[in-house]
Each structure stands twice: as C-alpha cells, then as structure tokens.
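Please put together the full structure from these sequences, using the hints given.
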Amino acid sequence: AEGAAERSANASRLCSTEASAAASSAADAAGSAAAASRRDAVSSSHLEGTAAGRVKWVEAELERIRGEVAGMEALVGRVAAVERSTAALRTSCDRASSSAKAVGSFLTALQDQVRMLDAAVTGGRTAAAAAAASAA
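The opening residue of the sequence shown carries number 1432 in my numbering; numbering runs sequentially from there.
For the record, the hints were derived by calculation from the structure and aren't laboratory data. Hints may be right or wrong, so weigh each one.
Stated by the list, open to error - Label-pair restraints from in silico Cβ distances: (1) Ser1463 - Val1489: 35 to 43 Å; (2) Ala1564 - Asp1525: 51 to 59 Å; (3) Arg1556 - Val1534: 26 to 34 Å; (4) Glu1504 - Thr1539: 50 to 58 Å; (5) Thr1517 - Glu1492: 35 to 43 Å; (6) Glu1504 - Ser1463: 32 to 40 Å; (7) Gly1484 - Arg1509: 50 to 58 Å; (8) Glu1499 - Ser1523: 30 to 38 Å; (9) Thr1539 - Thr1517: 30 to 38 Å; (10) Leu1506 - Ala1483: 28 to 36 Å; (11) Ala1454 - Ala1491: 29 to 37 Å; (12) Glu1492 - Ala1466: 35 to 43 Å.
Beta carbons: idealized from backbone N, C-alpha and C, even for Gly.
Listed below in structure tokens is the structure:
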C-alpha cells in the first residue's frame, strides 16, 4: 500500500508539473498570440492609413488632371475661334485684293482717258494756234 501511495504521489506531482508546464506554455502562446494580434492590428492600421493617403493623393491628382483637361479644352476652343477669325480675315483680304485690282484697272483706264483728253486738248491748242497764225 505504501508503494501504491508513493506511486500515486509521484504521479500526482508529475501531473501537477505537466499541468503547470502546459499552463505556462498556454500562457506563453496566449501572450505571443496577443502580441502578434497587436502587431497585426498596428500593421493593418498603418496599411489602412497608407492606403487612405494614397487614395486621397490619387483623387487630388485626378482633380488636378481634370483641371488641366478643362484648361486645354478652353484653349482648343480659343484656337478654333482664332482659326475661324483667320478664315474670315483671309476671305476679307481676298475681296479687298479683288477690289484693289478692279480699282487699279479703273485707274489705268482713267489714265488712258486723261492721256487721250490731253492729246485732244494739245491738238486743239495746236489747231487753234495754227488757225490764229493763218488768220493773222
């Protein structure tokens, strides 16, 4: 009976030691898990913050690009207006050139008429002078 009691006491101590070791291991595992969980939470929070920052940056860049596109569209509109004005000016210049050619032709014809009249006047004076000389 004494051997059985001693064996029972030894078994009880062994169980108690193993239970204590198991409890210690469980506590260590729980602590490690809690630390890992905290690290994951911090890392996750950091990543979420970083991702949110990047999203804000991308949104800001998108707005900046939209502004540039709107500015370019306005510039394209102005260029189109200048092109229309240039075409209208070109048409006006063509008309003015045609008018100037017509005026030039008219002036040339007028100069021809003036020359003919001058010749007639000169001829008339010559004839009048000859008539006056022969009458005298």
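Each hint tested on the structure:
no.	hint	in the structure
1	Ser1463 - Val1489: 35 to 43 Å	holds, 38 Å
2	Ala1564 - Asp1525: 51 to 59 Å	holds, 58 Å
3	Arg1556 - Val1534: 26 to 34 Å	holds, 32 Å
4	Glu1504 - Thr1539: 50 to 58 Å	holds, 53 Å
5	Thr1517 - Glu1492: 35 to 43 Å	holds, 36 Å
6	Glu1504 - Ser1463: 32 to 40 Å	violated, 60 Å
7	Gly1484 - Arg1509: 50 to 58 Å	violated, 38 Å
8	Glu1499 - Ser1523: 30 to 38 Å	holds, 36 Å
9	Thr1539 - Thr1517: 30 to 38 Å	holds, 32 Å
10	Leu1506 - Ala1483: 28 to 36 Å	holds, 35 Å
11	Ala1454 - Ala1491: 29 to 37 Å	violated, 55 Å
12	Glu1492 - Ala1466: 35 to 43 Å	holds, 38 Å
Violated hints, in rising order: 6, 7, 11; the structure is consistent with all others.
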